[in-house]
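Visitor: These protein sequences, in sequence, are chains A and B. Using my numbering, the final residue of the first sequence is 276, and nothing's skipped along the way. Using my numbering, the final residue of the second sequence is 315, and nothing's skipped along the way.
If you are wondering where the hints come from, they were derived from the structure by calculation, not from laboratory data. Watch out, some of these pointers could steer you wrong.
Derived pair list, reagent style SDA-like, types lysine to any residue, alpha-carbon separation capped at 25 angstroms [unchecked claim]:
| no. | chain 1 | residue 1 | chain 2 | residue 2 |
| --- | --- | --- | --- | --- |
| 1 | B | K50 | A | A168 |
| 2 | B | K50 | A | P226 |
| 3 | B | K260 | A | P226 |
| 4 | A | K36 | B | E136 |
| 5 | A | K138 | B | G90 |
| 6 | A | K138 | B | I69 |
| 7 | A | K36 | B | N141 |
| 8 | A | K36 | B | V213 |
| 9 | A | K36 | B | E210 |
Because the structure is a prediction, the values reported are computed rather than measured.
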Amino acid sequence: MISVTQRRNTILIKLTLWILTLLASIPLWWLLQNMRDINIASIASYQEGVIFRWVKETLIFVLSALVLSVTTSVTAGFALAVLDVPFRRTLLFLTLVTMLIPVTALAMPLYVMVDKIGLNDNVLGLILASAYFPFGAFLSYLYFSASLPVDLIDMGRIDGLGDIGIYRHLGLTLANSLLGLVTFFSFITLWSSTHLPSVLLTDPAASIMAIGIEAFFSQGSALIALLMIIPSVALYLVAQRSIARGIFSGAVKG
Amino acid sequence: MHQGTNHDSLCVDAGQHCTPWIKIIYDCAVSVRRKEKVVPTLMVLPYLLLMSFCAIVPVIYGALEVPKPSFVNLTGGYDTFLKVLQDFRLGAASLNILFLLLIFVPLMIVTVLVISLLMDSVEIRANNVMRLVFLIPALIPTGVAVLFWFDMVGPEVIWNSSNIRWFIGCVIFSTSVGGWIVIQYGSLRSISQEVLEAGVVDGCNRFQLAWRLKVPLIARYVAYMAILLVVNTLQIFTEPNLLLSTKVTTDWSFNQIAFSYAFSYGDFSGGTAISLTLLLPNIILALLFACYTDFLRKQQRA
Chain A
23 MISVTQRRNT
33 ILIKLTLWIL
43 TLLASIPLWW
53 LLQNMRDINI
63 ASIASYQEGV
73 IFRWVKETLI
83 FVLSALVLSV
93 TTSVTAGFAL
103 AVLDVPFRRT
113 LLFLTLVTML
123 IPVTALAMPL
133 YVMVDKIGLN
143 DNVLGLILAS
153 AYFPFGAFLS
163 YLYFSASLPV
173 DLIDMGRIDG
183 LGDIGIYRHL
193 GLTLANSLLG
203 LVTFFSFITL
213 WSSTHLPSVL
223 LTDPAASIMA
233 IGIEAFFSQG
243 SALIALLMII
253 PSVALYLVAQ
263 RSIARGIFSG
273 AVKG
Chain B
14 MHQGTNHDSL
24 CVDAGQHCTP
34 WIKIIYDCAV
44 SVRRKEKVVP
54 TLMVLPYLLL
64 MSFCAIVPVI
74 YGALEVPKPS
84 FVNLTGGYDT
94 FLKVLQDFRL
104 GAASLNILFL
114 LLIFVPLMIV
124 TVLVISLLMD
134 SVEIRANNVM
144 RLVFLIPALI
154 PTGVAVLFWF
164 DMVGPEVIWN
174 SSNIRWFIGC
184 VIFSTSVGGW
194 IVIQYGSLRS
204 ISQEVLEAGV
214 VDGCNRFQLA
224 WRLKVPLIAR
234 YVAYMAILLV
244 VNTLQIFTEP
254 NLLLSTKVTT
264 DWSFNQIAFS
274 YAFSYGDFSG
284 GTAISLTLLL
294 PNIILALLFA
304 CYTDFLRKQQ
314 RA
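Take these sequences, add in the hints, and give me the full structure.
Guide: Have a look at this one:
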C-alpha cells in the first residue's frame, strides 16, 4: 500500500517538476523565436562596428577581474580557514558584512574615488572596483574548514611543508570543485554587472557588452541576449560537476 | 625561525633604547614573526586591499562627505541625514519596496525551496538539464528580461503605477530565482546520506523528511538567501531605472532617489547620506546572521 502511494507521489513530483521546467523555459523559447527578426549585419555595422570594441573591453574587464577575484578570495579563504591569520574574526565579520552590501550602495563613493585616482573611464578602474568578491572568500572559507582534515595538515608540516606549501600541495589539490564554483559565480556576477560599469565607464563607445546592448533594445536584443547567455551556460556545463556537488559540500553536518 | 634567537636578542637591545611607539611597532613585528604569521598575513593581504578599496574606504569616504554643505543642507553638518530622510519622495518609494518585500521576497523563497526540495526528493536523470533550464532566466541580462516581460504582459500594462510594482516584481523573480535554486539544490545534496537514512528508518515520509530534516539542516543557507534577497530588494535600482521611459518609475526606489541627488542636483552629500542609511539594515542583518549561525567560530578540527 505504502509503496503504491510512494510510486504515485514520485510520478506526481516528477510531473510537477517537468511542468515547472517548461514554464521556466519560456524566456528561452522567447529568445529563440525573436532570433528570426535579427539582422546581424546591422548589429555588426552599428556605429562603425562599436560592438567589437565592446567585446574587447568586456573580455579585458571580465577576464582580469575574474583572475583577480578568484585568486585573492580563494587564497584568503584558505588562510582564514586553515592558518593563523591575525584579526581572523574581524576579517570574517567584515567579509560577511560586505558580502551583504550590493554594489549599488557604494557606486557613488566608488565613482568619486576612482575619479580621484584618475582611472575614470578606464577599464582598470572598473576592474579594481569589481574584483572584490567576498562571496568567494566565504565559500572558500567554508570549503577549506570542512574539507581539509587537520591530520593532513599536520602530516604536511612534518614533511616540511610551509604555509604556502600546504596551500599549494594540499589546499589547491583538493580544491578543484571549489575553484569551479567560485569561478562560475564570479564570472556570472562580473559578466552581467551593469550598475558599476554604467557609473564608471561613461563613454558609450568604450563600454562593455552588458551596457552596450541597451542600444539594441529596439532591434536585435534577442541575439545579443543569447550571446550574453552562451558563455555563462558554457561555463556552467564545464563547472557543472562542482556546482552539483554542492556549494556547501561537507558543511552540513548531521 | 632557525635564526630566531640570535635575531631576537639583537632586536630586544635595539628596542629598549627606542621611543615607546617604535617599541610598540617592534613588539608587533616580533609577535608576527614569532607566531609565524607573516605568510598567512601576506596571503590575506591582496584580499584585504581589495576589501578596503571596494567596500571600507568608500563607506568611510562617503561618511566624511555627508557633512559638507550641500544643496539639501546649506549649512552642512550631520543633520544632512535628517534632512534627506524628510524627502517627500521616500514615502512612495517605501511603499514600493514594502510591496516587493512582503509579496515577492516570500514568493521567491518559497519557490526556490519547493523546487529544490522537489528535485532533491526524486531521482530524475535529466536533472542537470532541468537545473540549467531553471538557471537560464537568471543569466538573461536585466534589460532583456524587462523586454521579455513587456512581450508577455503587453506594453499597455506598465503605464499604470500599480501594475508596475507587479511588473518589477516579475522581473526580479525571473532573474533571481534560478541562481538560488542551483545553490540550494547544492546545499541539499551536501546533507549527509546517513542523516537522511536515519530519518527514513524513523518512519519519515518524503514530506516529513523535507520539512523536518532537510529544511532545518540547510536553515542557515536559507537564512543567508533570505537576507540577500531582502538586501537586494532594498537596494533595487536597475529594474525601475530601465523603465524610466514610462515616466512612472522616476524616484521609484530608494537608490534612484539617492542617485537623483547625486546626478540630477549634483548633491553628492545628500545622495551618500541616503546610501549610507540604506546600509544600516545590511549591518544589522549581518550581525544577526553571524550571531545565530556559527559562521565566525573556528571550525572544529576533528
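Visitor: Given the hinted pair B:K260 and A:P226, is their Cα-Cα distance within 25 angstroms?
Guide: Status holds; Cα separation ~23 angstroms.
Visitor: Hey, A:K36 versus B:V213, does the alpha-carbon distance stay inside 25 angstroms?
Guide: Cα-Cα ~20 angstroms, so holds.
Visitor: Sort out whether B:E136 lies within 25 angstroms of A:K36, counting only the CA atoms.
Guide: OK: A:K36 and B:E136 at ~9 angstroms, within 25 angstroms.
Visitor: Hey, B:K50 versus A:A168, does the alpha-carbon distance stay inside 25 angstroms?
Guide: Roughly 22 angstroms separates the two Cα atoms, so the pair holds.
Visitor: Holds or violated: A:K138 with B:G90, Cα cutoff 25 angstroms?
Guide: holds (23 angstroms)
Visitor: Holds or violated: B:K50 with A:P226, Cα cutoff 25 angstroms?
Guide: violated (46 angstroms)
Visitor: Checking one constraint from the list: CA of A:K36 to CA of B:E210, max 25 angstroms. Satisfied?
Guide: holds (22 angstroms)
Visitor: For the pair supplied as a hint, A:K36 and B:N141, is the alpha-carbon distance within the 25 angstroms limit?
Guide: Measuring from Cα to Cα gives roughly 14 angstroms; hence the hint holds.
Visitor: Taken at face value, is the distance from the CA of B:I69 to the CA of A:K138 at most 25 angstroms?
Guide: The hint holds at about 17 angstroms.
Hint compliance for this structure: hint 2 alone is broken.
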